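Based on the hints, put chain X in the right spot on chain A.
Protein chains: 2
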Amino acid sequence: MLDFDKFFMQEALKLAKTAFEEDEVPVGAVVAYGNKIVGKGYNQVEKLNDPTAHAEILAITAACNLLGSKYLDKCTLYVTLEPCMMCTGAIREAQIQKVVFAATDSSHRKSAPNLFEIQGGLLEAEASELIKTFFKRKRL
Amino acid sequence: MLDFDKFFMQEALKLAKTAFEEDEVPVGAVVAYGNKIVGKGYNQVEKLNDPTAHAEILAITAACNLLGSKYLDKCTLYVTLEPCMMCTGAIREAQIQKVVFAATDSSHRKSAPNLFEIQGGLLEAEASELIKTFFKRKRL
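The listed protein sequences derive, respectively, from chains A and X. Residues 833 to 972 in this note's numbering are what the first sequence lists, from first letter to last. Residues 833 to 972 in this note's numbering are what the second sequence lists, from first letter to last.
Chain A on its own, in the form it takes in the complex:
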């Protein structure tokens, strides 16, 4: 284990403590690029009244903003709790190279269960055509 790993996780833990003090589920995250922190975030779901405001999402958004890139493919995300489904998806979208987490999500902040109904195909032709046209134009 590199010492950097421990340092970055300690920074994530400090952020988790800030969340704790603000009465949020205490999760903190940092995005590291080489030996530098390029994004920080802590859970702000309550404060922002936003179920998407998880530590990882905020840290990814901050890092992309700082680096001026929508991809973080040379970055590592350090997070104090195992990422939920949304954050795992965000990590993939951002093409983050590596994720290091502290606590496993056994009983803490489990991914919300899949309770919603889903129905596909409404106005499919129009929506699909729009996207096909977009990518066709991109390939020209």
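Derived from the structure by calculation, the hints contain no laboratory data. Quick caveat: nothing in here was measured; it's all calculated off a predicted structure. Treat the hints with care, as some may be off.
[Unchecked claim] With a straight-line cut-off of 20 Å between C-alpha atoms, the simulated SDA-like cross-links for lysine to any residue are: (1) X:Lys872 <-> X:Ala894; (2) A:Lys838 <-> X:Gly952; (3) X:Lys964 <-> A:Thr850; (4) A:Lys930 <-> X:Lys970; (5) X:Lys849 <-> A:Glu958; (6) X:Lys970 <-> X:Leu954.
[To be verified] Rough simulated footprint, nothing fancy, chain X against chain A, three-plus residues with beta-carbon under 8 Å: (7) 847-860; (8) 871-884; (9) 891-900; (10) 906-915; (11) 922-936; (12) 948-958.
All C-beta atoms, glycine included, are put in the ideal place defined by N, C-alpha and C.
For chain X alone, kept in the frame of chain A given last:
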């Protein structure tokens, strides 16, 4: 099929067209509560340089903001493309009741592949303790 469904999806399509005009992958989303739209979003990944700025995430954040609630459990999300993993997770976190999508995500905007390494357990005790303390305090 209710006419409302078609109306809301048409609104989502209008948003997708706005994305198209702004040279973004054309995806639009609306959150409906009863017969009202309470949140709108269109893909702004390029403009915001943010891989989390999918239509659904922006629409969910907007709806929570308007309704003053972190849960959208009586709401339906209409989106012009089948949600990716991140957005599916966000839908779950927001406890959205129903999702209606138009195009299937066959070849358009697939969920990014899972390419990252993952490692758990670094400073687990501290992170886990913080979360346990938080929830213990909540139950008092």
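| query | Which of the numbered hints are not met once you compare them with the structure shown? | reply | Violated hints (numbers, rising): 4, 6; every other hint is consistent with the structure.
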